[in-house]
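The sequence shown begins at 1 in UniProt numbering and counts up one residue at a time.
Treat the hints with caution; some may be incorrect.
What the hints assert, rightly or not - Capping the alpha-carbon separation at 25 Å, the derived lysine-lysine pairs in DSS-like fashion look like this:
#1 K505 <-> K473
#2 K337 <-> K352
#3 K311 <-> K339
#4 K526 <-> K352
#5 K88 <-> K298
#6 K337 <-> K298
#7 K527 <-> K262
#8 K177 <-> K294
#9 K69 <-> K88
#10 K311 <-> K476
#11 K66 <-> K88
#12 K489 <-> K476
#13 K405 <-> K489
#14 K527 <-> K552
#15 K526 <-> K311
#16 K73 <-> K88
#17 K342 <-> K352
#18 K311 <-> K199
#19 K339 <-> K405
#20 K262 <-> K473
#21 K352 <-> K383
#22 K298 <-> K352
#23 K552 <-> K262
#24 K429 <-> K381
#25 K526 <-> K294
#26 K552 <-> K294
#27 K383 <-> K484
#28 K262 <-> K241
#29 K311 <-> K174
If you are wondering where the hints come from, they were derived from the structure by calculation, not from laboratory data. Just so we're clear, the structure is a prediction, and the values are computed from it rather than from any experiment.
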Amino acid sequence: MAGSILRRRRIREVVLRKMSLISQNIPSAFKARKTNREDTDEPSFLQGNEHSGDGKESSLDIMRTKKRKKARKDDDEKVAVEQEREMKRLESFLFGSIYSPVKFGKDDEEEPGDTVDTGSALFFVDHSANRLAPIYEEDADFSEEENKERKPVWVDDEEEKANINIAKVNRLRKLRKEEDESLISGSEYVLRLRAQHAKLNPGTEWSQLDSKLRNNRYSDDESSDDENGVVVARGYKNSGKLWPGLLEYSVLVNGNAEEPSKGPINSVQFHRNAQLLLTAGLDRRLRFFQIDGKRNTKIESIFLDDCPIRKASFLPDGSQVIIAGRRNFFYSFDLEKAKVDKIGPLVGREEKSLEVFEVSPDSSTFAFVGNEGYILLVSSKTKELIGTLKMNGTVRSLSFANDGKQLLSSGGDGQVYHWDLRTGACFHKAVDEGCINGTALCTSPNGTMFAAGSDSGIVNIYNREEFLGGKRKPIKAIENLTTKVDFLKFNNDAQILAICSSMQKNSLKLVHVPSFTVFSNWPPQKKALHYPRCLDFSPGGGIMAVGNAAGKVLLYKLHHYHHA
């Protein structure tokens, strides 16, 4: 009976205490400190008079007083802690999780048991650059037409009545369209501010595949008479046919000017939308830049702790990036989900490096260079080995043709192999004229021609139909390089072929394919290319990106082509 009464008293005290926490204006802890201060401020002679009795009784009273003060202080501290906890709970209830903010990138449903600590992180994403993705998922679903039709929810009537003098304030003078313009309406002022903001902060046109802005961004109406270097072949004007001799080009701001690489650049590639540029190299970072030719804003950077990148490539459909190095595994980066997956080692294979690979034009297959003449075929969907091809010699280079149904390969035996990927059979094999070791292969976008480079620096250009028909003589042998050919690339209409050797400075030539002659004004004389390592043309042919061993991505605008 006595126990139940005691419990009721305690419950009643707790309830009364919680109610008093909200109603009290002065914390009880403050009152306790004030009482203690008053006790200590009492004159010493009065304290002495109170304890002028027996010495033993006096000492006992002092000890009891100290114990009571200590107990009261402990109780006050507990009350203060409970009060603070209760106030935080109430504030969090009213204003949200202000004391435990939500961590982005974590799902609420994630259970503690699902997370496994594996030591250091496999990769991390650098979000220091401008985030250009839509904030809300539903905003990304609207098309451009829907965005144009959207009307404001609320309109301020005072905007029409107000007049702003943009000539009076120095920082507003940039909004003038005419020199003598001064007063404008409030609504016009808002429109000009929005236009100025859009000019200073580029939007997400790179994510829109069919953007009209993309097609007009690099039109010939732009002023391109920069001191950085404009080379114009007078007498020629843009048309469908590219003329030989002099190449019209101008130098743009470096593609990775915002964040140059700390190591050699091994891969540069444009996304299919022509505005997103991928760069990768031995500093183990995969970077993405929005290319406008002026600012080239960095969008994202991904660090792979255990893989110096030898090659990175977009899938032609633009959904993923395949990343490989001198390792027995490779990575896949999903652009939509911003997720990195580690794939491999491949089942049943003992390759220690998957650094050389090609992606089929239909985005269905990856072809990796393997050991002892083997070519490894991997499905882009399952990321599993689906087949192997075997050359007689070692394999050094690969190139897809016929929309991904055929594969060309070359290597240590100096021959060019043609494979039918539907049957896995080699349906043609012939010697590349004058070649001992094949080092590079490239097919034209329409598949009518292919170029084969060797370690002697010679590049042979063949007509595929004639080559398969038995003609072994190349259409033209390009002998402008003197060291091993490392890279070959046709542009979008196969009127330009870039040939590159990374063993010698400025060893990058551009071949005018219709005449099979090199452009005499390339490479640039004033601006050195350093040691070029990789190259890519934008989908429309208007921009050329060159990655070099100094960690820079050089950009050039080709004036013959209207679009990037």
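Now the hints, each set against the structure:
| no. | hint | verdict |
| --- | --- | --- |
| 1 | K505 <-> K473 | 31 Å, violated |
| 2 | K337 <-> K352 | 29 Å, violated |
| 3 | K311 <-> K339 | 18 Å, holds |
| 4 | K526 <-> K352 | 42 Å, violated |
| 5 | K88 <-> K298 | 40 Å, violated |
| 6 | K337 <-> K298 | 18 Å, holds |
| 7 | K527 <-> K262 | 20 Å, holds |
| 8 | K177 <-> K294 | 23 Å, holds |
| 9 | K69 <-> K88 | 28 Å, violated |
| 10 | K311 <-> K476 | 29 Å, violated |
| 11 | K66 <-> K88 | 33 Å, violated |
| 12 | K489 <-> K476 | 16 Å, holds |
| 13 | K405 <-> K489 | 20 Å, holds |
| 14 | K527 <-> K552 | 13 Å, holds |
| 15 | K526 <-> K311 | 29 Å, violated |
| 16 | K73 <-> K88 | 23 Å, holds |
| 17 | K342 <-> K352 | 15 Å, holds |
| 18 | K311 <-> K199 | 35 Å, violated |
| 19 | K339 <-> K405 | 29 Å, violated |
| 20 | K262 <-> K473 | 44 Å, violated |
| 21 | K352 <-> K383 | 18 Å, holds |
| 22 | K298 <-> K352 | 33 Å, violated |
| 23 | K552 <-> K262 | 9 Å, holds |
| 24 | K429 <-> K381 | 30 Å, violated |
| 25 | K526 <-> K294 | 20 Å, holds |
| 26 | K552 <-> K294 | 16 Å, holds |
| 27 | K383 <-> K484 | 33 Å, violated |
| 28 | K262 <-> K241 | 40 Å, violated |
| 29 | K311 <-> K174 | 45 Å, violated |
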